[in-house]
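Using our numbering, you'd call the opening residue of the sequence shown number 1136 and step up by one each time.
Since the hints were made in silico from the structure, they are not lab data. Any given hint might turn out to be false.
Okay, derived cross-link-like pairs now, DSBU-like style, lysine-lysine, Cα gap no bigger than 35 Å in a straight line [as the list claims (entries may be wrong)]: (1) 1410 - 1158; (2) 1151 - 1164; (3) 1410 - 1443; (4) 1149 - 1256; (5) 1673 - 1545; (6) 1514 - 1673; (7) 1153 - 1604; (8) 1681 - 1525; (9) 1545 - 1380; (10) 1606 - 1406; (11) 1443 - 1158; (12) 1673 - 1256; (13) 1410 - 1226; (14) 1635 - 1149; (15) 1149 - 1263; (16) 1450 - 1606; (17) 1592 - 1226; (18) 1415 - 1642; (19) 1675 - 1635; (20) 1672 - 1606.
Derived CB-CB ranges, DEER-like [unchecked claim]: (21) 1629 - 1276: 45 to 51 Å; (22) 1403 - 1559: 37 to 43 Å; (23) 1420 - 1631: 29 to 35 Å.
Note that the structure is predicted; figures quoted are calculated from it, not measured. Just so you know, even glycine gets a beta-carbon here, dropped at the ideal spot from N, CA and C.
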Amino acid sequence: METIIELFLNSTEKYKDKISLQKFFEDEKKEIFYFEVRENVEKIIFWLKNQNLEKGTHIGIYSENRPEWVYAYFGILGIGGVVVGIDVNLKPQEVLFILQHAEIKIIFVSQNALPNLLKIKAQTNLEKIICFDDIEEKEVISLSELLKEKHFPFSYPEISPQDLAMLVYTSGTTGNPKAVMLSHKNITSNIKMILQVFQWDQRDNFLSLLPLAHIFELTCGFLTPFSQGARITYVDSLKPENILKIMQKTKVTFMMVVPGILRLFRLEILKEIRKLSLTKKAIFYICFFICAFFRIFNLNLGKILFRKIHRQFGKIKYLVSGGAPLSPFLIWWFDVLGINILQGYGLTETSPVVSVNLPLENRIGSVGKPLPGVKVKIKDNLEEGEILVKGENVMLGYYKNPQETERVLKDGWLYTGDIGKIDSHGFLYILGREKDVIVLQSGLKVYPEELEEELLKSPFIRDVCIIGKRKWGESEEKVHALIVVNEETLGLSLSSAREKIREIIGKEIKNLNSRISVYKRIDSFELREELPKTATKKIKKELIRKYEVNN
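Can you make the complete structure from the sequences, with help from the hints?
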């Protein structure tokens, strides 16, 4: 398996009578077999071939996760094309940048995303728009009509493992996103690496929540399970209560998550506990502390004592977390309940997985050991420093950006911009982003992620961003926190009780400051309604820093 098309052909033949995809949209369930996926994909390939497109043509997919996304993805690759996934959470101007930068002329789109696309169409070179839903619009072709057309046998083009498969646009926390060029080999090599440490097979059922336009979900939550004949489920609502309901119905075994989803799950569980009588609440917390005590001796009683919670999570074996730093407290909290969280580390530039904790080697606080075939070292062989990565999964470079490519790719090593360390057992620890570290005049360094993790343990804090901020007339940066509160837990509204909330949060910060080194202490804080985020829910720190400097 050297190309993604080989993966597609192998799976749709080997597992043709197995259910491949299923969707729960508006409480309606639809199951699609592997052979049906192949039939639909080959109809799209036939149609695209008739458009007389050159090999390497960039074709967009602008949609939420759904089976049609999968058809379009394999269809584009099946003509030797390049997939450009566009997240539906992006603003029209961000979508416009991608369409212009990638020079997209053909795009697959969902009905939900279509209005935004039509707003900016005049500023693009789009020639064909194919909508996944039936819609009456002069400029739009419905996919259902395309799939009804007759198609005839055809031959797949010669596709090399080194051929470009995807342009994946990074989250853009520092301005316009960069387009990461990933080859077929980059992605398939990462799939093979993952399968050396995870034994997924056709009995597994994956729930796909993260955007397929991002490489974490695409590689780990779609292509890898697809290669093993597993079932993948798509939903139309990402509300925690809906996700848990679907997990019960479909008996999900694995799921890719980001820390934000885990925090929502925790809040949903705590919300249900708050509804209990005083006696039942007391029983829950007694059981929780018993489980926490026995975890010290590596005994996991959570699955026995918290069966009701486990039923909500279906047949989940592990939740694999990536995409952003995950608080060790959150991992510990779920671990006490008997729910296993495996934290990993990766980048779009590495297709994406670099390292991951494993069921029998799960070190809380670390991001695991590097995958087989991936080399990781610390720059200049320091104890702590920039993480460098080497392997077949490392990108070809940045599209139309040779200067940035040259800056981050040197002698086959990817300079990640992340600061980390490797312990004596080979576990990798992420300390923060190089550009986010606050360097004090004393030379001491404050890693914002460490403080953010601690503050997020508070049930009163929903989001937090730690930055270095200079006070008027001072030259040294001080540690400053921007905080979004959890109004539901507080039982107070920011609009009507700001001073009361400020007092509560002030106590939380004072409590934290009393437990940490003097130089790390938070000097000031402010309350915010929201913090700017990327499509993958990462806080745009660079944008916040610029705003704070200008104000």
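So, going through the hints one by one against the coordinates:
1. For the suggested pair residue 1410 and residue 1158, the alpha carbons sit about 32 Å apart, so the restraint of at most 35 Å is met.
2. Annotation: proposed proximity of residue 1151 to residue 1164 holds, straight-line Cα distance about 20 Å (limit 35 Å).
3. For the proposed pair residue 1410 and residue 1443, the alpha carbon gap of about 15 Å is at most 35 Å, so the pair holds.
4. Of the pairs offered as hints, the one joining residue 1149 and residue 1256 is violated, with about 41 Å between alpha carbons and a cut-off of 35 Å exceeded.
5. For the hint linking residue 1673 to residue 1545, the alpha-carbon distance of about 27 Å falls within 35 Å, and the restraint holds.
6. Proximity of residue 1514 to residue 1673 is assessed by CA-CA distance (about 25 Å); at most 35 Å being required, the pair is judged to hold.
7. A threshold of 35 Å between alpha carbons decides the hint, and for residue 1153 with residue 1604 the separation of about 56 Å lies outside it, so the pair is violated.
8. About 33 Å separates the Cα atoms of residue 1681 and residue 1525, which keeps this hinted pair within 35 Å; it holds.
9. Distance check on the hinted pair: residue 1545 and residue 1380 sit about 48 Å apart at the alpha-carbon level, beyond 35 Å; violated.
10. Straight-line distance between C-alpha atoms of residue 1606 and residue 1406 comes to about 39 Å, which puts the hinted pair past the 35 Å bound.
11. Distance restraint check for residue 1443 and residue 1158: the Cα-Cα separation of roughly 25 Å lies within the 35 Å cut-off, and the hinted pair is therefore satisfied.
12. Restraint check for residue 1673 and residue 1256: satisfied, since their Cα atoms lie roughly 28 Å apart, inside the 35 Å limit.
13. Restraint check for residue 1410 and residue 1226: the C-alpha separation of about 38 Å exceeds 35 Å, so the hint is violated.
14. Taking the CA atoms of residue 1635 and residue 1149, the gap is about 62 Å. The hint is violated against a cut of 35 Å.
15. For the proposed pair residue 1149 and residue 1263, the alpha carbon gap of about 34 Å is at most 35 Å, so the pair holds.
16. About 52 Å separates the Cα atoms of residue 1450 and residue 1606, which puts this hinted pair outside 35 Å; it is violated.
17. A distance of roughly 31 Å separates the Cα atoms of residue 1592 and residue 1226; the hinted pair therefore holds under the 35 Å criterion.
18. Taking the CA atoms of residue 1415 and residue 1642, the gap is about 29 Å. The hint holds against a cut of 35 Å.
19. At roughly 28 Å between alpha-carbon atoms, residue 1675 and residue 1635 fall within 35 Å of each other, so this suggested pair holds.
20. As the CA atoms of residue 1672 and residue 1606 are separated by approximately 29 Å, the hinted pair is consistent with the 35 Å bound.
21. The hinted range of 45 to 51 Å is satisfied by residue 1629 and residue 1276, whose Cβ atoms lie roughly 47 Å apart.
22. Look at residue 1403 against residue 1559: about 39 Å separates their beta carbons, and that is inside 37 to 43 Å.
23. Range check, residue 1420 to residue 1631: Cβ separation about 31 Å, and the 29 to 35 Å hint holds.
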